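K.L.:
Protein chains in written order, with the numbering used here: chain E, 322 to 727; chain B, 322 to 727; chain Z, 322 to 727; chain P, 12 to 128; chain A, 12 to 128; chain X, 12 to 128.
Bear in mind the hints are in silico, worked out from the structure with no lab data behind them.
Be a bit skeptical, because a hint or two may be false.
What the hints assert, rightly or not - Quick list of in silico lysine-lysine cross-link-like pairs, BS3-like style, CA-CA up to 30 Å:
| no. | chain 1 | residue 1 | chain 2 | residue 2 |
| --- | --- | --- | --- | --- |
| 1 | P | Lys85 | A | Lys21 |
| 2 | Z | Lys505 | Z | Lys582 |
| 3 | Z | Lys631 | X | Lys120 |
| 4 | X | Lys120 | A | Lys21 |
| 5 | A | Lys28 | E | Lys634 |
| 6 | P | Lys14 | A | Lys85 |
| 7 | E | Lys508 | A | Lys120 |
| 8 | B | Lys579 | P | Lys28 |
| 9 | B | Lys511 | P | Lys14 |
| 10 | A | Lys78 | E | Lys511 |
| 11 | B | Lys582 | B | Lys631 |
| 12 | X | Lys21 | Z | Lys513 |
Please read these numbers as outputs of a predicted model, since none were measured by experiment.
What follows is the residue order along each chain.
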Amino acid sequence: MEEIIFSINTLWVLIASALVFFMQAGFALVEAGLTRSKNTANILMKNLMDYVIGSIVFWAIGFGIMFGTKNGFWGGLDLFTQHTYRTDMPDMAFLIFQTVFAATAATIVSGAMAERTKFKAYLVYSAVISLVIYPISGHWAWGGGWLSQMTIPFHDFAGSTVVHSVGGWCALVGAIILGPRIGKYGKDGKAKAIPGHSLSLATLGVFILWIGWFGFNPGSQLAASGTTNATAISLIFMTTNIAGAGGALSALLYMWIKYKKPPLSMTLNGALAGLVAVTAGCDAVSPGGALIIGLMAGILVVLSVEFFDKVVKIDDPVGAISVHGICGSFGTLMVGFFSTSQGALYGHGFGLLGSQVIGVLSVAAWAIAASLILFTILKYTTGLRVTQREEEEGLDIYEHGESAYN
Amino acid sequence: MEEIIFSINTLWVLIASALVFFMQAGFALVEAGLTRSKNTANILMKNLMDYVIGSIVFWAIGFGIMFGTKNGFWGGLDLFTQHTYRTDMPDMAFLIFQTVFAATAATIVSGAMAERTKFKAYLVYSAVISLVIYPISGHWAWGGGWLSQMTIPFHDFAGSTVVHSVGGWCALVGAIILGPRIGKYGKDGKAKAIPGHSLSLATLGVFILWIGWFGFNPGSQLAASGTTNATAISLIFMTTNIAGAGGALSALLYMWIKYKKPPLSMTLNGALAGLVAVTAGCDAVSPGGALIIGLMAGILVVLSVEFFDKVVKIDDPVGAISVHGICGSFGTLMVGFFSTSQGALYGHGFGLLGSQVIGVLSVAAWAIAASLILFTILKYTTGLRVTQREEEEGLDIYEHGESAYN
Amino acid sequence: MEEIIFSINTLWVLIASALVFFMQAGFALVEAGLTRSKNTANILMKNLMDYVIGSIVFWAIGFGIMFGTKNGFWGGLDLFTQHTYRTDMPDMAFLIFQTVFAATAATIVSGAMAERTKFKAYLVYSAVISLVIYPISGHWAWGGGWLSQMTIPFHDFAGSTVVHSVGGWCALVGAIILGPRIGKYGKDGKAKAIPGHSLSLATLGVFILWIGWFGFNPGSQLAASGTTNATAISLIFMTTNIAGAGGALSALLYMWIKYKKPPLSMTLNGALAGLVAVTAGCDAVSPGGALIIGLMAGILVVLSVEFFDKVVKIDDPVGAISVHGICGSFGTLMVGFFSTSQGALYGHGFGLLGSQVIGVLSVAAWAIAASLILFTILKYTTGLRVTQREEEEGLDIYEHGESAYN
Amino acid sequence: MKKVEAIIRKTKFDEVKEALHDVGIEFITFWDVRGVGKTTEKRLYRGVQYDTSTIERMMITFVCREKYLDQAIKALLESAKTGEIGDGKIFVSEISNGYRIRTGEQGDKSVYLKGEE
Amino acid sequence: MKKVEAIIRKTKFDEVKEALHDVGIEFITFWDVRGVGKTTEKRLYRGVQYDTSTIERMMITFVCREKYLDQAIKALLESAKTGEIGDGKIFVSEISNGYRIRTGEQGDKSVYLKGEE
Amino acid sequence: MKKVEAIIRKTKFDEVKEALHDVGIEFITFWDVRGVGKTTEKRLYRGVQYDTSTIERMMITFVCREKYLDQAIKALLESAKTGEIGDGKIFVSEISNGYRIRTGEQGDKSVYLKGEE
Ligand SMILES: Nc1ncnc2c1ncn2[C@@H]1O[C@H](COP(=O)(O)OP(=O)(O)O)[C@@H](O)[C@H]1O
Ligand SMILES: Nc1ncnc2c1ncn2[C@@H]1O[C@H](COP(=O)(O)OP(=O)(O)O)[C@@H](O)[C@H]1O
Ligand SMILES: Nc1ncnc2c1ncn2[C@@H]1O[C@H](COP(=O)(O)OP(=O)(O)O)[C@@H](O)[C@H]1O
């Protein structure tokens, strides 16, 4: 019987890993679709390589930092992941699942820094985030670190904060340090639209991300055997789906009311916003709660995209900061309200909310600080930004010597 | 042991749900690929939003109508699906599986009504089909309704009739009421070709639909534990695959012989036709039977597309009526012949065939009547069709204010 | 308990089958992306039809040849696969898994012969490879044939040699007999670049292939129940992933150093090279071993592509010969060094390496001989190559009467 | 020889093509273009409005002998017209010489086939 | 009437468009082109280097009356310029006649709307 | 200055480009076009036959000084020719003025670089 439980858990975690892996394709397509065709090979390459590099360095070092037991701040070194971590599934299954998660955090950033970042700098950044930035905050919340040791432990089931907001905050720092793309802001400082080259690719990307989320969230249960686990992953499937639907719906309606026309590009962001937001609490909220979280996230992402674009004038071509940073944090906080077992709205007081605030802020602080140092170093060593000519003619030719379409 | 069975069933149903969900991407790509680039954002948006809306309204109301036990005609109300329906898996797992099915029925229609339907009207339609049209006929066959209570119960294992033909008939009514696209028929009334903008997208869509069918059909077993279930889903995998292959092959050969050249676009329809046709009997026919059903469906779909296009002059840009309506009904009838346990060809008489006829006709009658009312109301309220100018310049700009490609 | 084990195995094999099926889409996209838009419908059609035809003929005849027990050379006839082969899962599950494998071997060839092969000839070829070429060599290694009966049996866990190199060698013979595309070699004999039309499609294709490999390799365990199996498939997930990463990384770095710019198209080949190479030993090597195999394959594929392109002047538009033939063989040999239980590097001598050499060479000899006969017959019957005019204007119009993009 | 360039609605292409063939224009060359003018249709991209209303049009061009010009223009004007704003323009200019690449023939002979008149 | 054809950087398109509108050019037609010249940027495809450095440019064209020509050229030269190699070219040629398809008006009237002057 | 417009086979592009460079044409601009003529290749879309045989061609254009014209045409005719129907056409017309955007130079100077002669 033990063996069967072991098998079922393994099966589920591996299948979930495959689905989460597929999110890499989703990110690649969303980011390629929402940027211009002259930079398509570059953005695809970045999405491929952050997975490639992440797979190697997370296994080599990151995993140990995240799941080792050294102390509350970091897990210590376990070179090439030799220790034993789990008894209910093979360590390799756990490792591969964690690897695809790490790559997700890494890949978020490429969208916000698209169309102007040096490839070399991106590779270094991508190694560092999987090597240390993500594992550290991951350790805090999931690896037995201090966030999980608080009286009321921080609740981030599948990583709204640990994965998505880390990516989002790094993206924020990166986009600020880089500055906007040439032509993004007119002489009067007004934001201009730089439409992406293919909404077909972007939409397919969102569908792929959505199916990937059916691995991301329910997979984070890390088990499927037994009634409890089976019921849990079923609920998570449901809350995940409903929140995505809510996000798309409210983004659509909000844009429709505000601009008279409902655009696809923003609705896609709305769907992702809902999915990101529910990730923290997908196991703890009811389907109704998930719907509300999704609906709020769909509007929030629109406001946030406009805020960054028009008010603070940070150029984020695909809206990664808003989708992952803002909605990730927002969703994590909402667990404090909507958790059926601990949330304020269900009469359990604001204890959990407090923990959530601490978690969101501390992870944000860490991600921002770490990436600030990283990008500053990169700026003065490899250089972060391509030359004006390269940016104008396209990164594909200058960075990779080929063009995506012929 | 009970727990393990429960787990295995849940796992299978959830994985199948994810695969069926992915069919939404498949439909989106097929429909986008087979229509013009000026309407791409619109068609993608419709495919996204029918899933989004379907997810919410089916959970809120549709599921209760379909699976409630009120009477043989409808299941009654179960707002936001609170009751208990299954003991062999969590209700949420069952619900999510049914949700993705409902969305499939809804999404079929967008293809037939592509390139000229008002977005607002489409959203309303899409809500109504998931809310009531599909659940009612679903109740008849799958929810304990009258079709399942006949002496020889109607056999539609995974929904050739319940899902696909319902979509197909609604598509038929919609396409008739809308009328053909501008330029589809010349002054002499001759049909003109309006080639789709990307067969790459369409082909990828068919591959995605095909893999989705490996969730759609075997998933409908709703269980995987035990030798019987495992054997059943394996057979279903096989019959599903062989019928798809048969459909593609015969469509290709038929076109080749008739027009001297085998076109990809029609072969894709052939594959889908085979898959749709076998859906009703995938559990009951032998692989050989599945092959024959697929081969027949592949030819039928070509004849049907030409019939609607050239003879009755109903403009269905992607062939949805033929693939889902005609081949869905055809496949359901074929179960009466090819069912190894009940079919006429295996010497079990025409009893099952009779039930199949009743099922196909009653579902068709319901779907046509309900959608006729629905589309007529829409026509005189929101309006169904965009203006001539909008249609000529493309729905993307006028309905969504953006274009898919830049 | 028996029943549960049966269920779990079935579940896993079916899910793996779905993933491997999806590789067909991956191949279609990679090949379409790396060729010109005037031949896109043709290449997509070929990828669809080899699966369609393969599904039918492998079931009808190929499977029996491969898994029958007649003798060490071939398995004999089992028309439409009626016998019983497995007790730990339904025969249908085993059959469908083997079918998608067979189709993979078949589909590899279309890439190398792209942009100039007659469609009719391709269909015949595609039937023959699934009918007999692949099953024979499959029988040798996996069906109880002579390669598996050697003292130290040939070790090709998931088919670096049996599947990939067979496809690769057939591709080699096909590309040689066909000759290069018009314009591939200048008057001075220098190779010219003929860039593919969409790296977006190609990249998506590689991501899809990668996820497909998570079915291909771990699925070849053909079981998931019990600690041993669960641990094995987890390891295989890991080694597969790391080798793919290694291949991409080393191809990128090598190109970067050599040409100053890292191109996406070659990095994609690198990833595939790593995945192909580890396929033989994914169960037997350590993650570290997999990384090294992948790294070597990534460089090997670049050298090999350049060798075929520039030195021996065989025109292989997508690099299929190098990726599948060369790296498949290479990876199989590497098992002789890196197998932790039998490999030379772990002190187990060169016994296994000897068997690997025999396996690689004998399969290569068979595939080359059989396909040489096949393609020669085709050349003098249906004809292998389209006319100059057809090639220049594109196969889409002349062979299929339609164009992929409008 | 005269060169005719016309910017027309894409939806009118088939009619135009047939009308031109009927009056003896054997070959036309065309490609997709976009036009941008004063009357703008607002577009929206991720919350940013931009008001270039680029509209999609088709550019068709052909070179013909003088004697065909009038009837070609007439055919074009009739077949490309819807009467609504946005029907497009026709421009005529002078070609000093033409060559048929296949044969090297030049001048008028480059645009018609001997013996086909 | 004069036809102006300009090959410009894509990134300059918005500025050019506005500059032209400001000097009274109401409608321009444009499409993507590529240029290939002597200075080549090496490209690499699957290990084969090829040295056509096709650079992406935008072709914009409009027909205007003589009196608008000078200011249009001036606007173009100013708005399309970066000062770096690759800014592009402007070519002016003669149009013998023009037609507005919607109304059939020809000559100068085909490019401006009566009453709008 | 003369403008040369040639409609050629896509497969001939590389040869044409090199031939033109060899005779001193420094920069050419090109884009994809389609041609439709009388000889039609039947196409089929979902069971409906349509008989526009649009064939894909490439439009290349360059402006050069008078003295380069003859050799450019000669180079074009040679390099673009296969001898089979469909080789395409070359048309020559007059350019009244040209400008180099980067420097504002006009006339002949816009198409060649001082000192490079
Ligand atoms: N009079 C013309 N005006 C514009 N384009 C033309 C004209 N004649 C031919 N073309 C273009 O040239 C291409 C090839 O010309 P074609 O007449 O087929 O060659 P050939 O001269 O060898 O018969 C056509 O596809 C078309 O695009
Ligand atoms: N002066 C011009 N030069 C070049 N192209 C023009 C010019 N005027 C119009 N066009 C093209 O013709 C298309 C339709 O013209 P428009 O002025 O809208 O039609 P109408 O004459 O009916 O008002 C425009 O989209 C543009 O591409
Ligand atoms: N003589 C010409 N004929 C046609 N197009 C040209 C010509 N010269 C340049 N072009 C086009 O203009 C673009 C930019 O020209 P370029 O010569 O690089 O600018 P610059 O004048 O600053 O050196 C080229 O990419 C090409 O498309």
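K.L.:
A separate judgement is required for each hint: does it hold in the structure or not?
P.N.:
Now for the hints, and whether the structure bears them out:
no.: 1; hint: Lys85(P) x Lys21(A); result: 36 Å, violated
no.: 2; hint: Lys505(Z) x Lys582(Z); result: 23 Å, holds
no.: 3; hint: Lys631(Z) x Lys120(X); result: 42 Å, violated
no.: 4; hint: Lys120(X) x Lys21(A); result: 24 Å, holds
no.: 5; hint: Lys28(A) x Lys634(E); result: 24 Å, holds
no.: 6; hint: Lys14(P) x Lys85(A); result: 27 Å, holds
no.: 7; hint: Lys508(E) x Lys120(A); result: 36 Å, violated
no.: 8; hint: Lys579(B) x Lys28(P); result: 28 Å, holds
no.: 9; hint: Lys511(B) x Lys14(P); result: 33 Å, violated
no.: 10; hint: Lys78(A) x Lys511(E); result: 34 Å, violated
no.: 11; hint: Lys582(B) x Lys631(B); result: 19 Å, holds
no.: 12; hint: Lys21(X) x Lys513(Z); result: 15 Å, holds
Violated hints, listed in ascending order, are 1, 3, 7, 9, 10; each of the other numbered hints is respected by the structure.
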